[in-house]
Amino acid sequence: MPIGSLTVLDAGPFDGVDPDEHVRAAMQWHFTPETGSRYWLERVDRLGFDPCRDVKGVADLALFPDLTDELRDVRVTDLVPRGYGSQARPLHVFESGGTTGAPKRVVQMDDWARHGSEQVARRLRDHGLPVGALWLTVAPTGPHLVGEVLQRAAASLGSPGLGVDMDPRWVKKLVAAGRRDEVDAYTDHLVDQCRRILLGQDIGVIAATTPMLERFARDSDLVEVINGSAQAIIWGGTHMDPDTRDLLQTEVFPDVPVIGMYGNTMMLTALLERVGLAASEPCVFDPVSPYVFLSVVDPDTGQPVAEGERGQVVVSHVSKSMLIPNNRERDTALRVRPAEGHAGDAVADVAPVPAVAGETVIEGVY
Amino acid sequence: MAPVSTTEPLHLDALGPRGAYRTRVPSTVTDVSGAPIARLSLVPPLYVARAIGALRQAPPIAAADLDTVFATAGEAFAAGTVGGLSVREYERLVSRTSGTPLAVVRAATRGTARFVRHAASSADRGRPRGAASDLSDPVLHETHTVWARQGDVFAVNASGNHPGVHRGWLEALALGYRVAVRPSRREPFTAHRLVAALRQAGIRDDQLMLLPTDHAAAGTLVHGADRAVVYGGDDVVTKYAHDTKVLPQGPGRSKILITADTDWRDHLDALVASVADEGGTACVNATAILVEGDPAPLAEALAARLTVLPSLPPQDERARLPVCPQQRARALSAYLKTVAAGTRAWLGGDGIADDLGDGSAVLRPAVHQTASARAPQLRTELPFPCVWIAPWTRADGMAPLRDTLVLSALTRDRGLWESLIAEPSIANVYFGDQPTHWMAPGVPHDSYLSDFLMRSKAVYEGPS
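Residue numbers (the numbering used here), protein chains in the order written: chain C, 5 to 370; chain G, 46 to 509.
Do not take every clue at face value.
Computed, partial: chain G to chain C, Cβ under 7 Å [unchecked claim]:
(1) T68
(2) L91
(3) A94
Don't read these hints as lab results, they were simulated from the structure. Every residue, glycine too, gets a C-beta built ideally from N, C-alpha and C.
With the sequences and hints as input, model every part of the structure.
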């Protein structure tokens, strides 16, 4: 195998690699017995096409079936590409939130962790984030990706990060069981921890989930201290509807830029809001060529929707670390033309797939 | 507020602390045939939380202004142009979206306006005899008691079954509560008109709000308020049964009892009215009629009277029956058939959905006779004229009469009168020829609302 053709996989996110060339190299890497993971090598015969021959660029990633459900059970060692060597270990194993069933598991090798956080850091600098300012990160850590991404982003800006951990799976369980009081008590517990930090330290950057920011917004002492000292707020981990985003930016935290971050475990990184958007405009997330490609499709036909239309988000992650092609997210978004130099679509106004409103209740007059 | 124009869709904005608020992507309100009819701004939880914060900061309406405000608002609601809508246009929209017959909507407009005008005196009717209305009330010197609020912010999670549902919370405003109303998404027009009319009459934006939300944000509203009333089915009642801050308003299961000493033939009009007036959609419409003796002749007579009601679109002046989307009508019809298994159908046995051909269907009346007063069907309350007729004997006693919002009793038995009044799970009892749906300002609907909102506080003013 001509190793030279694979060096493109080692290039950084800002080295100007051609996305199609990167995808072709990734197919060679993941589907060659010497370098590919056991997981992909065991599936290649069942794909019905030859990835090394038939995938000629980004568009051909659509040939792959969505196999992400299998990531609930696959042994993590089977996910590590052999090309890293027999002694190689993943830097991280991340798990999805478990919203749709048992968590899905992905691995992150050292090189991708580096590239991934490099692109996040670069985008944050584009947003004018201060270097060296104290961060407060209140997000899920542990098996979840978002806390790790934020901690690394802070570090890459030379910022010490203070953290408050949260367990979203426990909260989901409480919500499902209708234990609203306990959800409130847990949220208050998180807010108490944040309050001590916010009132006691000079926090310059706050990175938090949408519900936590909404909760901060109710407490005037927190709103006051954040408006007084923070230089940026980063939200992520969950969705934020356009009206909430507008209210947070224009009414609650008018003095602090509120910057969106869209990412998830299957993407293995996070996308930062496009620079320069007003609170009243849709919040656009550009992809990260050549690693993360987005498309917005009609959920029924799988065909791309027109630009400006809403559809289901499909994400492909292509790196040396992992190949997760054609993953149908539970998100919907507007299809937007991506920023210069990126392949695929950008997405705007990401929202959860609307729950089917139950019209099952018949009895009673209300 | 958006003026009505022919090109722009009608917008129902939230009415928040800083006036009207339109969301980026308002949701669509459709009429009974599924045609879009208006755009409704559903505000996110953050907006709700901040609105509640503003309500909490606001002062109550000044007592001196109450009567003027309510008189002006009642007039505007009944006859004025509010939020860009004339009263005729408003009534047409309510009828088209909720499927309530236009005549019912019109009567409700007049009725609600009357409740608005009397809101202050109605609220005061619930005040205990010993409690002074405020510190300046001379009765305080005798009784050393003041009537005081248990909180500041009252939330209403309203339903859309009948436009009259918005009469209750007016008393909360009169009692000094700041009020947030979450309208029904199916019929948001009445709540919008009432809030807008009250604001037009002088109630400040931070004292009374209209906060349309989705289901999830409704929780933020209910939990954020000091007191809340929530309309819904048995599930809602169960959910809030142990929450002292929430007053659930569930199915009414209103009933009529006729004993052997009374000839029901003399009261057929009241029976028909109890079942079918108001389109049969209110919690005060009769769900069951219990008869001492053979119930068959009554069932037959009632069915004969109800079967002649015409199937018409709701906005037709002659319409008397409710209309809903065809699919829901068929679901209700199928459900009724399942529930009614084992009963004798006098009317509606072959289904109750009557397609109007435009995607909507009329819900026709149903009359079923059960074998006993203990039949489980008697608890099934459906949103159209649907009544269960059962035999009742003295041996059955109180059990089949329990869990009732209004019980009309056609009986001369004074002992029975006493028992019905004493029964805790019967909220209201009407004796004689009075339909179950009768209501009036100052008369409690499900006890005085103030029983839930106020308390009597001992206040002693010693020499200083």
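Each hint tested on the structure:
1. T68: Since the shortest Cβ distance to chain C is 5 Å, the answer is holds.
2. L91: Nearest chain C Cβ about 5 Å off; hint holds.
3. A94: Interface hint status for A94 of chain G: holds (5 Å vs cutoff 7 Å).
In this structure, none of the earlier numbered hints is contradicted; all agree with it.
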